[in-house]
Amino acid sequence: MSGTTPGGWLLVFTLALPAGGMLAAFALGGRAAERIALAALGLGVLLAGAVAARVQAAGAPLAYLVGGRAPPLGIRLQADGIAAAMLLTASVVLLAVALFGRAAHATPPGVAEARAPFAFWTFLLALSAALAAALLGADLFNLFVALEMLTFAALSLACLDGRASQFRSELRYLFFALIGSALYLLGTALLYGAYGTLDIGLLAAHARADAPTLLAAALMTAGLLARMALFPLHLWLPPAHAGAPPAASALLSGLVVKAAFVLLLRVWVWVLPPAPAGAAAPLLAGLGAAAILVGSLVALRQERLKLLVAYSTVAQIGYLFLMLPLVLAGDAEAARRAWLGGVLQAASHAFAKAAMFLSAGLIAGAVGHDRVAALCGAGRAVPMAVIAFGLAGLSLVGIPPSGGFTAKWLLLTAAIGTGQWWWAAVILGGGLLTGGYVYRVLAGSLTVPPATAPQPEPQAPGPARVALALALVSVALGLLPFAAFGLVQIGRPGALAGAGP
Amino acid sequence: MSATLPYGVTAAALIALGLFGLVAQAAVLRKILACNLLGGGVFLLFGVVARRGATAADAVPQAIVITGLVVAFAATALAVALALRLHQITGAATIAGEPESGPRGE
Amino acid sequence: MTASWLLDGLVAALVLGAAAWTLAAPTAVAAVVGFLGFGLLLTLAWLRLGAAEVAMAEAAIGVAATGVILLLAVVRLRGGAETVSAAMPGRGMVAAAGLLAGAVGLALALAVLALPDPAPGLAAEALARRGEAGLGNPVAAVLTGYRGLDRLLESVALVLAVLAVWSMAPDRRWGGIPGPRFPRQEDGPLALLARLLPPVGIVVGTYIAWVGSEAPGGTVQGGAILAAMWGLAWVAGIVQPPAIASRPVRLALVAGPAAFLLAGLAGMALAEGFLAWPPAFARPLILLVEAAMTLSVAAALALLVAGPPERAA
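Residue numbers (the UniProt record's numbering), protein chains in the order written: chain A, 1 to 501; chain B, 1 to 106; chain C, 1 to 313.
The hints are simulated quantities; they were obtained by calculation from the structure and are not laboratory data. Among the hints, erroneous ones may be present.
[As the list claims (entries may be wrong)] Derived coverage of chain C by chain B (criterion: at least 3 residues anywhere in the stretch with Cβ under 8 Å from a Cβ of chain B; other residues may be distant):
hint : segment
1    : 18-32
2    : 53-59
3    : 105-117
4    : 261-271
[Stated by the list, open to error] Partial chain A-side listing against chain C, Cβ under 8 Å, derived:
hint : residue
5    : Thr5
6    : Ala211
7    : Trp270
Only a predicted model underlies this, so the values are computations on that prediction, with no experimental measurement involved. Glycine included, every Cβ here is placed at the ideal spot set by N, Cα and C.
Turn these sequences into a full structure, and let the hints guide you.
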């Protein structure tokens, strides 16, 4: 536990920029909100890049003591490898969604301020601030406030169209999120009662495997699982994510669930002692495996394109949980591979799923509906969107070269390396099922429509280019050499014993 | 120490009541009330933790509860606003049922 | 000792009884009234636990503000009884929920008993170091000095929540006036209350926000009392909520978090870091930020109660 590191001030600006931007956008309103959001999210990518570069160069986490006051009384901000990597992912996806949203969420000419555009740009900044707080926070209660902010921003973005179905599914999401955060806070109270601190670093140094600690971890896990929609708590997610406007769906599926996952890792890998965590990890991975199989099978049978993509999120979240028993198996090399595999799965899914939701929105807009069985002609109307959907699909299936392939390959080899071959079987089976539903969409889209079919309206290329760029990033992650990912190991407990950066 | 015991038990019971109400009640408003009972129990647990042992109450959990109360109020306001809009458009007072894709209404 | 034990046992039992009534009440109105009683009893419990600031916050936010919001909602959520009874979970589901909730409650009660003795915590440290920020009240010292980041995020979250509630309005109502319109009460108890109470309440609320740094009180509690006074005048038809497009409203909402953020950033240049107070002029700076925070908390709570815009400005 050390004080503020050189470059720690970057963390303050990563948080203060979108927060201040949101306040300014809210006060100035109208078109100013869009300009402020684009500028702040653009700068956000630069800041996230700088944070990642500093962490990589130092080979150690960046830290900042807020107010110059050390924990346990003060609050710490911290960027370790996983936080830096997810921060960079989030900032790029946020900027891409903002660029995508310029067409759909422009303030109409003739009015000073319109509801949906003003709300969209302001919530985008709020979401960015909440994600920064959730990824950089090192204090369990501060993270609770960040999680609540994340819920407010995410559900408001999802209701932007003002349809009754959106209000209903977002209200259901809100109840799940509120139960989730109450259980999380309950665990926080128990941990404070047991250790007199809420700092993750201090807890990691002192945690015992006694009854209050284990109950706290169990409650926090249950709460975070409800927020991540892990099977069997997944039923709220598909309508909530599929019913939202495309830009919001991309953020919800791509980023919001990942923030809760990083928090879950903080509890399992940092706070909990290794022995009980290792013993309970197969249970979570079992739920993850069930999510992969059930989510993929249900996705395969969906009639609606956006629901198909949303059920695919249920399945892909499952992969994240496979990393837990592998990281906690006590094998240093397997833990290193599984950790990278899990983080890479989170990042590549963020890019791929954002690309998929954005292109699904464009496809549905071009053919006038989103019935999977009747997508013929989409390939001609919006070829770039269909290509983006296909490339993102490659990553989700795990076909080389793609980020999804590397992630699943690492998890697979770690599973075999630790003798847990059954997880490998789940990864392979899940890949086949994923291939099935991606194929359904692509085959339908690429069917040539009958000559008598009406010519589709030409679409502006900008939004499709954004979707394609995101899909290309998810593929390109698989082309980088493993050495480029040394970043994500920095600050992981147990990683210090192994090789250096 | 002894003074905190009844409140510790009460906090645990409130949490159980809140969780039960959230599942067993169908009306949105009742679910919101159950949520607030659950939150009240969680905050009370912080209060118990703050009062244990030391002669003076610990200010840190108390500060946390004040922040938490504000956030919980914001969440309640949001839930009520969602419930009222849903009721205005569809007349429904629950979140059950398949999401239909109706036109944007008033 | 025995008397205080009896009193604590009684308060705890009453809190639980009110909570059970809130769940089991036959009508929604009765349930909300039960919840208000629950909140008042909980305020008593907080006083017994030696947490005067929390008791004030519970009374102002947990009872007054939440109560108004729930009562307004109960009046407007009429009907839909068939959908509710159709959606009631089956016996099996209820039994499962009861078992699970009971198990969680039991495990919690046992875990609380198993917490280490003597209790670890920051009581002594927070008390000893409260003077560092020039704040005599340890809770204020924690909120303003040590856990300032919580408070900054909370104040930003309030602005976000107000916008979230507003954004649920129909498009054509954007920029309009929130909430229902109440007929002006010329006489009767409400009119009397709405004329007599606000002048007193404004003084009390401001005082509570002002003394918060030294004595029990604080910006959240003071701001909530100010918001409640405004709410009373609104329900009595004496004042109207402002249009949400109005610039002064927006500025009032962001004043607190913006001042806090700017003061925090100034701390990076002038003091030990972000959200640190420069020792030379910590006191006036804190007062300035607290004043802005009180204004913003009051505005945000009042507008959250009022809800989305429903009428043209």
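Evaluation of the provided hints:
Here's how the segment 18-32 of chain C fares: 7 of its residues keep a CB closer than 8 Å to some CB of chain B, so the rule of at least three is met and the hint holds. Check on the segment 53-59 of chain C: 4 of its residues sit with their Cβ under 8 Å from a Cβ of chain B, so the three-residue criterion for coverage holds. Requiring three or more residues with a Cβ within less than 8 Å of a Cβ of chain B, the coverage given for the segment 105-117 of chain C holds, as 8 such residues are present. Taking a C-beta to C-beta cut-off of 8 Å, the segment 261-271 of chain C contributes 0 residues in contact with chain B, too few for the three needed, and the coverage statement is violated.
Residue-level restraint check for Thr5 of chain A is violated (minimum Cβ-Cβ distance to chain C is 12 Å; threshold 8 Å). For Ala211 of chain A, the interface hint holds, the least distance from its beta-carbon to any beta-carbon of chain C being 5 Å, beneath 8 Å. Interface hint at Trp270 of chain A: violated, since its Cβ lies 19 Å from the closest Cβ of chain C, which is beyond the 8 Å cut-off.
When held up to the earlier numbered hints, the structure conflicts with 4, 5 and 7 and fits the remainder.
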